[in-house]
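Peer 1: Position one of the sequence shown corresponds to residue 383 (our numbering), numbered consecutively onward.
It should be emphasised that the hints constitute simulated quantities derived from the structure, not laboratory data. As the structure is a prediction and not an experimental result, all values here were calculated from the model. Yeah, the Cβ is synthetic: ideal placement off N, Cα and C, and Gly gets one too. Don't take every hint at face value.
Simulated pairs of lysine to any residue, SDA-like, Cα-Cα distance not exceeding 25 Å [as the list claims (entries may be wrong)]: (1) LYS591 to ASN520; (2) LYS403 to GLY451; (3) LYS478 to LYS403; (4) LYS478 to TYR618; (5) LYS548 to ASP467.
Per label pair, the in silico range of CB-to-CB distance [stated by the list, open to error]: (6) ARG611 to LEU402: 38 to 48 Å; (7) ASP509 to ASP474: 11 to 21 Å; (8) ALA644 to THR550: 54 to 64 Å; (9) ASN460 to LYS623: 23 to 33 Å; (10) ASP446 to ARG640: 53 to 63 Å; (11) ALA433 to ALA522: 33 to 43 Å; (12) LYS623 to SER432: 53 to 63 Å; (13) LEU423 to ASP605: 46 to 56 Å; (14) TYR495 to ARG475: 26 to 36 Å; (15) ARG538 to THR470: 48 to 58 Å; (16) GLY588 to ASN460: 27 to 37 Å; (17) ASN612 to VAL582: 42 to 52 Å; (18) ARG640 to THR574: 42 to 52 Å.
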Amino acid sequence: MANEVQFDAALDLLRRLSPLKVSENLTAITTLVPDLTEDLLSSVDQPLTSARCKKTGRDYLLCDYNRDGDSYRSPWSNEFEPPLDDATYPSDRVRKMEVEANTAFDVYRQMYYEGGTGSVYLWDLDDGFAGVVLLKKNVAQEAGWDSIHVFEVDERRGSGRTCHYKLTSTVILHLGRESEGVGSLTLAGSMTRQVEADLVVENVGGQGKDGGHVCNAGRLIEDMEGKMRNMLQEVYFGKAKDVVGDLRSVAPLTGVNRDRQAQRDVISSMGGK
């Protein structure tokens, strides 16, 4: 019971602190309460970090889903760094889908992000398999986008050729601007959305239905990312622009006062008539 109360309190505290310092705050909390480390690491989304695969020389993203202790598995070599003697790996079938998914989302990353880093990790479940698609793009120190898409495929739940898919997507975004005219401005936050669907699994390529699973997951994630980008642009950025526009005038204050005085003169002259 004490651990549950502490866990809820830690999550509540993290929600109220700056999203830019979630990793530092998480480290501080787990230092105070080490028993919560595993639960918090698996429950709290953090800005993604990357490492370079020693075998292939390619960058990959780190998260709790490719972590085993203090080691992380590279999607390119399927090896843990530092090496582990008793590591858990995906089955041969799931590993083949993982390779195919990394190839597909590498194209997706180039088309939508024009750079950045992406990684896909899959693992086995009793009724199917699950995976996570990670995408990260930074623009110097001014802006960063991290998207984390966790999906589950239940191959026993469905009818005929359909399978049940569940997707949970999180976007962590930060924007910063510092100039003489604006000063120091930082906008940061995260958003999570979830969707479930029963989709038909077609035979795609040489992997048959396994290739169809990769296509279905890709379509779900592409659609979800598009909706979340539109929501950020239209709702959150639009509302922030309205608030800033009401609080701060773009035109010089002398010009605003001159226009207001002209309006008052016109109203006074109309009243005199």
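Peer 1: Give a verdict on every hint.
Peer 2: Evaluated hints:
The suggested pairing of LYS591 with ASN520 is violated, with an alpha-carbon distance near 35 Å, which exceeds 25 Å. For a cut-off of 25 Å, the pair hint linking LYS403 to GLY451 stands: about 23 Å separates their Cα positions. Distance restraint check for LYS478 and LYS403: the Cα-Cα separation of roughly 37 Å exceeds the 25 Å cut-off, and the hinted pair is therefore not satisfied. At most 25 Å may separate the alpha-carbon atoms for a hinted pair to count; LYS478 and TYR618 exceed this at roughly 39 Å.
For a cut-off of 25 Å, the pair hint linking LYS548 to ASP467 is broken: about 33 Å separates their Cα positions. The hinted range of 38 to 48 Å is not satisfied by ARG611 and LEU402, whose Cβ atoms lie roughly 20 Å apart. Our hint of 11 to 21 Å for ASP509 and ASP474 holds, since their Cβ atoms are close to 19 Å apart. As the Cβ distance of ALA644 to THR550 is approximately 56 Å, the hint placing it in 54 to 64 Å holds.
Under the hint 23 to 33 Å, the C-beta atoms of ASN460 and LYS623, about 46 Å apart, miss the expected range. Under the hint 53 to 63 Å, the C-beta atoms of ASP446 and ARG640, about 59 Å apart, fit the expected range. Distance hint check for ALA433 and ALA522: the Cβ-Cβ separation is about 21 Å, which falls outside the suggested range of 33 to 43 Å. In this structure the hint that LYS623 and SER432 lie 53 to 63 Å apart at CB is violated, the actual value being about 32 Å.
Our hint of 46 to 56 Å for LEU423 and ASP605 is violated, since their Cβ atoms are close to 29 Å apart. One distance hint, 26 to 36 Å for the beta-carbon pair TYR495 and ARG475, holds here, with the actual separation near 29 Å. Distance hint check for ARG538 and THR470: the Cβ-Cβ separation is about 22 Å, which falls outside the suggested range of 48 to 58 Å. At roughly 19 Å, the beta-carbon separation of GLY588 and ASN460 lies outside the given 27 to 37 Å, and the hint is violated.
About 26 Å separates the C-beta atoms of ASN612 and VAL582, a value inconsistent with the hinted range of 42 to 52 Å. Checking the proposed 42 to 52 Å range against ARG640 and THR574 shows it holds: the Cβ atoms sit about 48 Å from each other.
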